[in-house]
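Student: Whenever a hint applies, use it, and build me the whole structure from the sequences.
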Amino acid sequence: MVEYVIEMLNIRKEFPGIVANDNITVQLKKGEIHALLGENGAGKSTLMNVLFGLYQPEQGEIRVKGKKVNITNPNIANELGIGMVHQHFMLVEPFTVTQNIVLGSEPTKKSGVIDIDRARKNIKEISDRYGLKVDPDAKISDISVGMQQRVEILKTLYRGAEVLIFDEPTAVLTPQEINELMDIMRSLVKEGKSIILITHKLKEIMEVCDSCTVIRKGKGIGTVDTFNTNVNELASLMVGREVNFNTVKTESHPKETVLKIENLVVKDSRKVDLVKGLNLEIHAGEIVGIAGVDGNGQSELIEAITGLTKSVSGKIELNNKNIMNKSPRKVTESGIGHIPQDRHRFGLVLDYSIGENMVLQTYYKKPYSKAKVLNYKEILNKAEKLIQEYDVRTPSVHTPARALSGGNQQKAIIGREVDRSPDLLIAAQPTRGLDVGAIEFIHKKLIEERDKGKAILLVSFELDEIINVSDRIAVMFDGKIVAEVKPEETNEQELGLLMAGSKVKAGESNVTE
Amino acid sequence: MSQNKLFTVLVPIISVFLGLLAGAIIMLVSGFNPIEGYTALWNGAFGDSYTLGETIRRSTPYILTGLSIAFAFRTGLFNIGAEGQVIVGWLAAVWVGLAIDAPMYIHLPLAIIAAGIAGALWAFIPGILKAKLGVHEVIVTIMMNYIALFVTNDIIRNVLTDRQTTTEAIPASASLASDWLQSITLYSRVHYGILIALFAAVIMWFIIQRTTIGYELKSVGYNEHASRYAGMNVSKNIVLSMVIAGTFAGLAGAMEGLGTYGTISVMSGFPNMGFDGIAVALLGANTALGVVLAAFLFGALKEGAGEMPTGAGVPTELVDIIIALIIFFVASSYIIRWILLRFKKEGK
Ligand SMILES: Nc1ncnc2c1ncn2[C@@H]1O[C@H](COP(=O)(O)OP(=O)(O)OP(=O)(O)O)[C@@H](O)[C@H]1O
Ligand SMILES: [Mg+2]
Numbered sequence: 001m002v003e004y005v006i007e008m009l010n011i012r013k014e015f016p017g018i019v020a021n022d023n024i025t026v027q028l029k030k031g032e033i034h035a036l037l038g039e040n041g042a043g044k045s046t047l048m049n050v051l052f053g054l055y056q057p058e059q060g061e062i063r064v065k066g067k068k069v070n071i072t073n074p075n076i077a078n079e080l081g082i083g084m085v086h087q088h089f090m091l092v093e094p095f096t097v098t099q100n101i102v103l104g105s106e107p108t109k110k111s112g113v114i115d116i117d118r119a120r121k122n123i124k125e126i127s128d129r130y131g132l133k134v135d136p137d138a139k140i141s142d143i144s145v146g147m148q149q150r151v152e153i154l155k156t157l158y159r160g161a162e163v164l165i166f167d168e169p170t171a172v173l174t175p176q177e178i179n180e181l182m183d184i185m186r187s188l189v190k191e192g193k194s195i196i197l198i199t200h201k202l203k204e205i206m207e208v209c210d211s212c213t214v215i216r217k218g219k220g221i222g223t224v225d226t227f228n229t230n231v232n233e234l235a236s237l238m239v240g241r242e243v244n245f246n247t248v249k250t251e252s253h254p255k256e257t258v259l260k261i262e263n264l265v266v267k268d269s270r271k272v273d274l275v276k277g278l279n280l281e282i283h284a285g286e287i288v289g290i291a292g293v294d295g296n297g298q299s300e301l302i303e304a305i306t307g308l309t310k311s312v313s314g315k316i317e318l319n320n321k322n323i324m325n326k327s328p329r330k331v332t333e334s335g336i337g338h339i340p341q342d343r344h345r346f347g348l349v350l351d352y353s354i355g356e357n358m359v360l361q362t363y364y365k366k367p368y369s370k371a372k373v374l375n376y377k378e379i380l381n382k383a384e385k386l387i388q389e390y391d392v393r394t395p396s397v398h399t400p401a402r403a404l405s406g407g408n409q410q411k412a413i414i415g416r417e418v419d420r421s422p423d424l425l426i427a428a429q430p431t432r433g434l435d436v437g438a439i440e441f442i443h444k445k446l447i448e449e450r451d452k453g454k455a456i457l458l459v460s461f462e463l464d465e466i467i468n469v470s471d472r473i474a475v476m477f478d479g480k481i482v483a484e485v486k487p488e489e490t491n492e493q494e495l496g497l498l499m500a501g502s503k504v505k506a507g508e509s510n511v512t513e
Numbered sequence: 001m002s003q004n005k006l007f008t009v010l011v012p013i014i015s016v017f018l019g020l021l022a023g024a025i026i027m028l029v030s031g032f033n034p035i036e037g038y039t040a041l042w043n044g045a046f047g048d049s050y051t052l053g054e055t056i057r058r059s060t061p062y063i064l065t066g067l068s069i070a071f072a073f074r075t076g077l078f079n080i081g082a083e084g085q086v087i088v089g090w091l092a093a094v095w096v097g098l099a100i101d102a103p104m105y106i107h108l109p110l111a112i113i114a115a116g117i118a119g120a121l122w123a124f125i126p127g128i129l130k131a132k133l134g135v136h137e138v139i140v141t142i143m144m145n146y147i148a149l150f151v152t153n154d155i156i157r158n159v160l161t162d163r164q165t166t167t168e169a170i171p172a173s174a175s176l177a178s179d180w181l182q183s184i185t186l187y188s189r190v191h192y193g194i195l196i197a198l199f200a201a202v203i204m205w206f207i208i209q210r211t212t213i214g215y216e217l218k219s220v221g222y223n224e225h226a227s228r229y230a231g232m233n234v235s236k237n238i239v240l241s242m243v244i245a246g247t248f249a250g251l252a253g254a255m256e257g258l259g260t261y262g263t264i265s266v267m268s269g270f271p272n273m274g275f276d277g278i279a280v281a282l283l284g285a286n287t288a289l290g291v292v293l294a295a296f297l298f299g300a301l302k303e304g305a306g307e308m309p310t311g312a313g314v315p316t317e318l319v320d321i322i323i324a325l326i327i328f329f330v331a332s333s334y335i336i337r338w339i340l341l342r343f344k345k346e347g348k
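Protein chains in written order, with my numbering: chain A, 1 to 513; chain B, 1 to 348.
No lab work stands behind these hints: they were computed from the structure.
Note that the structure is predicted; figures quoted are calculated from it, not measured.
The list that follows gives simulated cross-link-like pairs (lysine-lysine, BS3-like), each with its CA atoms no further than 25 Å apart:
hint	chain 1	residue 1	chain 2	residue 2
1	A	310	B	132
2	A	444	A	382
3	A	321	A	310
4	A	370	B	236
5	B	236	A	326
Tutor: So this is what it looks like as C-alpha cells:
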C-alpha cells in the first residue's frame, strides 16, 4: 500500500456567492512533488489555505500520515509539520534573515534572553544542507525577491516542516532563479520532504513533479502521473478544451513614432544610476519586447515613462510631446496605459470592490462622475462589461478586490488598462500568474491593440512570451538597450547571452567574445 | 459581505450591553443597587424635557468630534488633534462673536465659519508635515493640542480680557441659543447647533460615499502607491483629509462657544471632547450614522451620570468606569466577533 503523508478527502469550501472547493480530493505521497493545476480562480490557493489552517472547510476530512486531524489554525499546521510558502511573502523588511526566521518561535537561553547565535548556527546548517545559500545576517530589504523566497522556505524548514506547500513560487522569479528553485526542491525531496506545488507553467510540472492533480471550477478532475502525460493533455484537462500554444500573429506594419526616449538617466531611491543613457523608439502598430535579467533598470525605465519616478536627464516624448517628469495623471491623460509589474502595490486598491477598481484612473471623468459626484450606476455598468469581456471570475462587482484569486486580479487590471485603448500600452509581466488559457487570451488582446495602431511596450522575463508576441526585441542590460533583434531571427540561447551582457550582434548568435 | 455588515451593527450593541452589565456588577460589589443606579442614570438623561435638552446639548459637540476622527480614520489618518482643534475653534468663534458688530445673518455664520477655519488650520499643520516630511500625524497633533491649550489661555487672559479668566458673553447676533428650544425644554441649554452637527454628519457621509473627493481620500488611505499610479496627488489628499477633519472638530468648538456657554474660559486642562470623540468614532464604526448614535449614547451617559450620586448614591466616577468598559469591549470587538462566529457554527 502506498504511504500518504497528506490526504485531503472530499473537501468543500464556500465563500459568499461561490463554491471555491467542491468535493476535491488530493493525496500526497511521501517524498514526491505533487502539482496542483487549474485555471485562475479554480480554487487552488483556497484548498492549500484549508490545509494550512487559514480556512475551515465546510465538509471533508484531512489526514496526516493516515490520522484524521483538525487544522483550525496555522500553528497546528506547523506542529503537524506542514509549512507554506505564500506567493506574497510575509517578511519584516528592516529585520535580518535570522530575526525573521525566529520571529514567533525565538530560541532562548536559560536566562530567557533570545539566543540569536544558536538560531543563526541552526539556520546556516539548514541552508547548507539544502543548498539555499542564504546569508543569515542579511537584511530582508537588501536581498532579491528570489532570496526572500528562500528565506520563506528556510522559515518553514526551521519550524520542522515535513510537507511544504508552494503557491506559485515561480511567478516572481527569473528563469535563472527558477532553475535554482527546482534544484532546491529536488534536494528537499531527496531528504524525505514532500512538496505540493501550485504553478501555471506546464513545463515546470513536467520537469520536477511526480504527479499532478487537476482542478476545474472548484471541482477535482483527477490525478495523473507526469511520466504518463504531456503538456497538451495537461492543458486540455485543465481548461476543458484544446489550447493553442503558438500565438497567431500577422506581420506588423509600424507607422509613426509614438514613444521616443533619448539618453534617459534615472536614479533609484538610493541615488544609484539604474537607467544609464537609454535610447528607445516605439512606433504605432508594433509591439516592442524588452528582454533583460531582473534588476537591469527595466522597472525604473517604466516608472520614469509613467511619471512615478523622476528622471535625471534625457528626453521622453509621446507623440512628439515631452512627457518627462510630468505627473502620473498628466502622463495617463496624454495616452499611456500601464499594466504594472507589482499588482498589489500599484495595480489595485485591494480594499476597494472590483467595481471601484475598474475606474481607478477615470473616476473623475464623465460619465463616472459629474461635478465631483460619483455615478455608481455607470461605474458598475462599466465594471460588469469589463468583467464579462475579460472573463474575470468574481461572485459580483461588489466583491473586494482582495477576495479575487491572483490571476483574476491580474485579468481585471489588464481589462481596465487595455479598455482605455491608450496610444502606448506598457505591459510589465502581463501574464504573470495567469493560466494558459488566459495567457492565450491576453496575447490576442495585445496583438489586437497593435493592429488598431497602438504602440505596445512589453516587459517580460518569459523569453518565449517575448519571442512569441513581440515584433521587435530590445535587450536591456545594465541600464541600456544593448541590442535589438528580430524575434524570428533569434532564439532563447542568443537572447540569454545578450541579456548577460556578452556582445553578440544579432544574426551572429554563435560568436561570443 | 452582509455578514460583515451585521457584525458592524451587532458588535457595538453587544459591547454597550456588556459594559452596562459590568457596571452593574461593579455597583453590586461596591454595595449599590444597580437597578436604582441605572434608573437614576436614565432619569438623569431622559427623565424630563429639561434633561433631554441637556443630553442633546451635550451630544452635539461629540457628534462633530466623532465625525472628525471617523473621517480621518476612514482615509487612513489618526487625528488625535481634535482636542486642540476644538479649543481653537471655540476661541475663534467667541473672538469673532465679540469683535464684530453685525446683523445675525452675517454675524452668526461668520463666527461659525471662523471656528471651522481655525480647526482646519490647526489640522493643516500636522497634515502638511506628514505629507511633505513624513512626520507621523499622531505626534504632531498631540503637540498641537498643547499649543492650542496654552496659547488660547494666554489670549483669553491678555487679549480678550484684562487678566480675567472668562470673556464677556457674545451678543445675541452671534449666538446659537434658541428661545424656542429653551422654552420647550424647561430652559435647558439646548441650542440650534444640533442641526449643524446633524447636517455635518450628512456631509461626511456624502463626501466619503458619493464624491470623487471621498474616492480619492479613501484610496490614498488604503494604498498610497496605487493612488499615485492612478494619478492622484497623495500629499494633497493627506492634507485635505486633515483639513476636513479639523473643520469638523473646529465646529465642535463653535457649539460650546456660540451655543452652550457663549463665552470662553481659561482651561486648566483639556475639555476632553476630542479624546471622547475617539471613543465615539470607534463605537460608531467610523460611519456617519454610527457616530451620531454613539454621540447620543455618550451624551446620555455623561448627562445621566450627574443624577446617579443624588438619585442612588452612586459616585459619578462609576459612570466613567462604565464608559471605559464599553470602549474596552468595542476595542476587543475581535473577541466578540469570535464568540459570535462560534455560536453561528454551533447553531448550524
Ligand atoms: N477570502 C475570500 N472571500 C471570498 N471569495 C474568495 C476568497 N478567497 C478566494 N475567493 C474566491 O474563491 C475562488 C477560488 O480562489 P483561489 O484563490 O483559490 O483561486 P486559485 O485557483 O488560487 O486561482 P489563481 O490561479 O488565479 O491564483 C475565486 O473565485 C475567488 O474569488
Ligand atoms: Mg492562487
